[in-house]
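Following the hints, position chain E against chain S.
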Amino acid sequence: MNPLLRLSAADLADMMSRGELTSEDLTRACLERIDAQNPTLNVFLSVDPEGALEAARAVDARRAAAEHLGPLAGIPIAVKDNFCTTDFATTCGSRMLEGWVPPYDATVVTRLRQAGLIIVGKTNMDEFAMGSSTETSAFGPTRNPWDTDRIPGGSGGGSAAAVASFMTPLAVGSDTGGSIRQPGSVTGTVGVKPTYGGVSRYGLVAMASSLDQPGPVARTAYDAALLHQIIGGYDPMDSASIDAPVGELATAARARSLDGVRVGVVKEFAGEGYEPGVLRRFEEAVDVLRAAGAEVVEVSCPHFTYALPTYYLIQPAELSSNLARFDGMRYGLRVGDDGTRSAEEVMNLTREAGFGREAKRRIIIGTYALSAGYYDAYYGSAQRVRTLIQRDFAAAFETVDVLVSPTTPTVAFKIGERVADPLSMYLADLCTIPSNMAGNASASFPAGLSDDGLPVGFQVMAPPLADERLYIIGGVLERALEARWGGPLLRELEAKA
Amino acid sequence: MTELVDYDELLTRYDPALGLEVHVELNTATKMFCGCPNVFGGDPNTHVCPVCLGLPGSLPVINGKAVESAIRIGLALNCEIAQWCRMARKNYFYPDMTKNFQTSQYDEPIAYDGFVELEVDGETFRVEIERAHMEEDAGKATHVGTSGRIHGADYSLIDYNRAGVPLIEIVTRPILGAGAKAPAVAKAYVAHLRELVKSLGVSDARMEQGSLRCDANISLMPAGSDVLGTRTETKNVNSLRSVERAIRYEMTRQAAILDGGGRVIQETRHFDESTGTTGSGRSKEQAEDYRYFAEPDLMPIAPSAEWVEALRETLPEPPAEHRRRLQGEWGFSDIDFHSIVASGALALVEETVAAGTTPAAARKWWVTELARRANQDGLELDELAITPAQVAAVQGLVDDGQVNDKLARQVIEGVLAGEGEPADVVKSRGLAVVSDEGALSSAVDEVIAANPDVADKIRAGKVAAAGALIGQVMKAMRGQADAGKVRELILAKLT
Chain S
1 MNPLLRLSAA DLADMMSRGE LTSEDLTRAC LERIDAQNPT LNVFLSVDPE
51 GALEAARAVD ARRAAAEHLG PLAGIPIAVK DNFCTTDFAT TCGSRMLEGW
101 VPPYDATVVT RLRQAGLIIV GKTNMDEFAM GSSTETSAFG PTRNPWDTDR
151 IPGGSGGGSA AAVASFMTPL AVGSDTGGSI RQPGSVTGTV GVKPTYGGVS
201 RYGLVAMASS LDQPGPVART AYDAALLHQI IGGYDPMDSA SIDAPVGELA
251 TAARARSLDG VRVGVVKEFA GEGYEPGVLR RFEEAVDVLR AAGAEVVEVS
301 CPHFTYALPT YYLIQPAELS SNLARFDGMR YGLRVGDDGT RSAEEVMNLT
351 REAGFGREAK RRIIIGTYAL SAGYYDAYYG SAQRVRTLIQ RDFAAAFETV
401 DVLVSPTTPT VAFKIGERVA DPLSMYLADL CTIPSNMAGN ASASFPAGLS
451 DDGLPVGFQV MAPPLADERL YIIGGVLERA LEARWGGPLL RELEAKA
Chain E
498 MTELVDYDEL LTRYDPALGL EVHVELNTAT KMFCGCPNVF GGDPNTHVCP
548 VCLGLPGSLP VINGKAVESA IRIGLALNCE IAQWCRMARK NYFYPDMTKN
598 FQTSQYDEPI AYDGFVELEV DGETFRVEIE RAHMEEDAGK ATHVGTSGRI
648 HGADYSLIDY NRAGVPLIEI VTRPILGAGA KAPAVAKAYV AHLRELVKSL
698 GVSDARMEQG SLRCDANISL MPAGSDVLGT RTETKNVNSL RSVERAIRYE
748 MTRQAAILDG GGRVIQETRH FDESTGTTGS GRSKEQAEDY RYFAEPDLMP
798 IAPSAEWVEA LRETLPEPPA EHRRRLQGEW GFSDIDFHSI VASGALALVE
848 ETVAAGTTPA AARKWWVTEL ARRANQDGLE LDELAITPAQ VAAVQGLVDD
898 GQVNDKLARQ VIEGVLAGEG EPADVVKSRG LAVVSDEGAL SSAVDEVIAA
948 NPDVADKIRA GKVAAAGALI GQVMKAMRGQ ADAGKVRELI LAKLT
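As you go down the protein sequences, you meet chains S and E in turn. Using my numbering, the first residue of the first sequence is number 1, and each one after it goes up by one. Using my numbering, the first residue of the second sequence is number 498, and each one after it goes up by one.
Please keep in mind that the hints were generated in silico from the structure rather than gathered at the bench. There could be a bad hint or two in this list.
Stretch-level coverage of chain E by chain S, calculated; a stretch enters the list once three of its residues show a Cβ under 8 Å from a Cβ in chain S [what the hints assert, rightly or not]: (1) 590-603; (2) 631-645; (3) 847-859.
If you want a taste of the chain S side facing chain E, the calculated C-beta under 7 Å gives, among others [unchecked claim]: (4) Cys-84; (5) Thr-86; (6) Gly-203; (7) Leu-204; (8) Ser-209; (9) Ser-239; (10) Glu-318; (11) Ser-321; (12) Ala-324; (13) Lys-360; (14) Ile-364; (15) Tyr-368; (16) Leu-370; (17) Ala-372; (18) Tyr-374; (19) Ser-450.
We put the CB at the ideal spot given by N, CA and C, even for glycine.
Same shape as in the complex, but just chain S (with noise of 0.2 Å):
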């Protein structure tokens, strides 16, 4: 492997910026990289060499030119395939939409590219972001680059992958109920959900838009960090969008000590189900941060427990809606419009050989959720339920300045081994869903290796426009790990490689 992909975002940027480094001469790295490591990983759905080189000769160019660039200029990173691109096909991993090419640019993409940074490619994940381990993609499973014989996580394991295999330094995913943050687990990287309305929403393939938050795939906390600031902020196209500062984030992940910091340990999230090696390393990491000055106490937040069920409610009943639309008669893919067939007949058979099963699982669950009859029963009382989880956040808030947890009660599982028990699969975003269902800020950090020598995740929450925090946390974290593991975690995959 070419040692420039080990090097973070960061100093690959501070290395183009001293003229060290060429946006071409790194991209053309990464391009090389993803050849030798797509055909075994199923990282890319798509990659468009040509227009990447091109992009980063033009960024380049603009650095020769002395004009000011921002901090990631000439950066590739890679983008999941939910994020409308008008150079890309966007598939949300779904026959619905093979061949599909918007034409527009998604906000957070928009940034990107005004930003400088280098699309290489659209990530693969689970179908219209249904799942939690990128088998539901309808192009295959992508593989955990840790063990090929086991998921990267879902929905956004392709991007986590790109990230953990070093085919990218940095990648953008969305969370609608811990689709950045249990692939970032399960592969060793940081991933960030924003506070919801902190990066837009324009652009990105809705699956529950209450839910949904776009957000960064880095490998160091300061990386996402940077990344978090060109995507996030004001976007008017989003009427859920914060009208505020993202927040001095870089500055935040570089901070020193913790001196002073409140730090509640979620005491729902551990025991039964938690695989041993996941709690130990995440206890390690909490006696790390109250090394580092941080004072740490367990909080209650009891209606956490009906955090998966609730989800299980509110998510199909806005997916059901959000999907409606892909009926076969505007775009993406169309099914037997013979001329004999009936509108309603095209929709029918075009909709039975575009969707996947999990797809059809929770529309129908959705639309029941949501009928007149079921209404109040399922949708309404778990509208409540969400209430109460909110509430449960800003009573922890009242006596600590983040919560912490596992980011998952297990490692990466085995490909295919929770495919036919949806319940199974389900229970990998138990921790992950009460940030969603709140709005709040929060992150997976790399928390070390289980003893099957897999990676853990270690979850901060902060409050709604808190985000700071998370970083703070994480950067802290991550440093005095790495000087106990004596260098990034990756390594130790590199070393396996």
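Here is chain E on its own, set in the frame of chain S:
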């Protein structure tokens, strides 16, 4: 052919109940949820963007001006304005709806609990408003084929220019007790709303372009009963005249079914302008499940009390007060004033007066000549191809003595026929009154020569006989002679 029942007779056995849903398209500069221009017409699919096309990933952002217009309509309808409300998703399939759900309001409308008072045949009717809510319009489907309906069409063309146009839907509570006047009350109500939204400046309210459309729910109950009967909903009635006709027709149709021991089927119906009848549409026997829920892509709407009060200040004078004031200013008798109101000419007369003519003259043209023309062509007065300013200009020509009333009618005819401004019509049709002494004098001489016996009578002192000669001269000059001058000349020559 459906059997019908005599209208007056059915009212001895049944009481009608009406429910009116009026959709008003707002004339905001941009659409409800995106920045596309909100204009009528244009080449198909030229005023569209990812948002109003409902493309994957696109998100709505609410138009603040539309919210403002909704609040002003609510206030003008004497409604309460919600302090906090939300948009909702109404999930259903419709071929020209881009997202396969409509963004609307459900249990949290922006305005509710209002009323309007209408005068119908000298009687005041109070119509209770249940709610006025915001929603978006759908695109426009044209079903190509012999039927013109979706069933049996060869193919359908869809124009999304109208998709996302802001709508306000105004819903009444059941209107009871109108009896035989039910169709007239409905017409007066729609006319009132049309006048109201126009005076607010929030809509063009052009029924023929669909920017104001009425769905009429009609049911009959046995006389004296207080249990509502099964209703039908006649959709998209697009003229005031049709509102009245459609309701009248539905009442007679339903009465015939009930008289025969049958059951009215709950369904939507379409009104056919050419036959004056309604036809069956979609059956609504099974209640539809729209799976409403709060639109998660839009933030709640919380108009501040200060804003609402500031908007209240912008309301124009209420129509009833406006009328009282005008009648006083114009000095019309009740009968004369009501003739203006009844013919739907009030706003037009007002504009004509504002263009510089007297109220009496404005009334004369609109209530007599133009009302006759409109009736003859099956149009509303404001659909005639003549503007208040043009009518004022015609009267100006009369006042200047350039034409007389009879010639003025021809001028109006010319304007309606698209021959240009009144002055142009006078010129091109050669309608100007002749008062030139020389021309008149020779015409008078000719008539005197042709009628020696009449001339002798006048010479003998029978001045009244001059009338016959004046008529002859006018005829010879195709009505364009100045009658006073002609009389003077005849008398001068013969006495």
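So, going through the hints one by one against the coordinates:
| no. | hint | in the structure |
| --- | --- | --- |
| 1 | 590-603 | holds (count 6) |
| 2 | 631-645 | violated (count 0) |
| 3 | 847-859 | violated (count 0) |
| 4 | Cys-84 | 5 Å, holds |
| 5 | Thr-86 | 11 Å, violated |
| 6 | Gly-203 | 4 Å, holds |
| 7 | Leu-204 | 6 Å, holds |
| 8 | Ser-209 | 4 Å, holds |
| 9 | Ser-239 | 5 Å, holds |
| 10 | Glu-318 | 6 Å, holds |
| 11 | Ser-321 | 5 Å, holds |
| 12 | Ala-324 | 4 Å, holds |
| 13 | Lys-360 | 16 Å, violated |
| 14 | Ile-364 | 13 Å, violated |
| 15 | Tyr-368 | 10 Å, violated |
| 16 | Leu-370 | 4 Å, holds |
| 17 | Ala-372 | 5 Å, holds |
| 18 | Tyr-374 | 10 Å, violated |
| 19 | Ser-450 | 37 Å, violated |
In terms of the numbered hints stated before, the structure departs from hints 2, 3, 5, 13, 14, 15, 18, 19, listed from lowest to highest.
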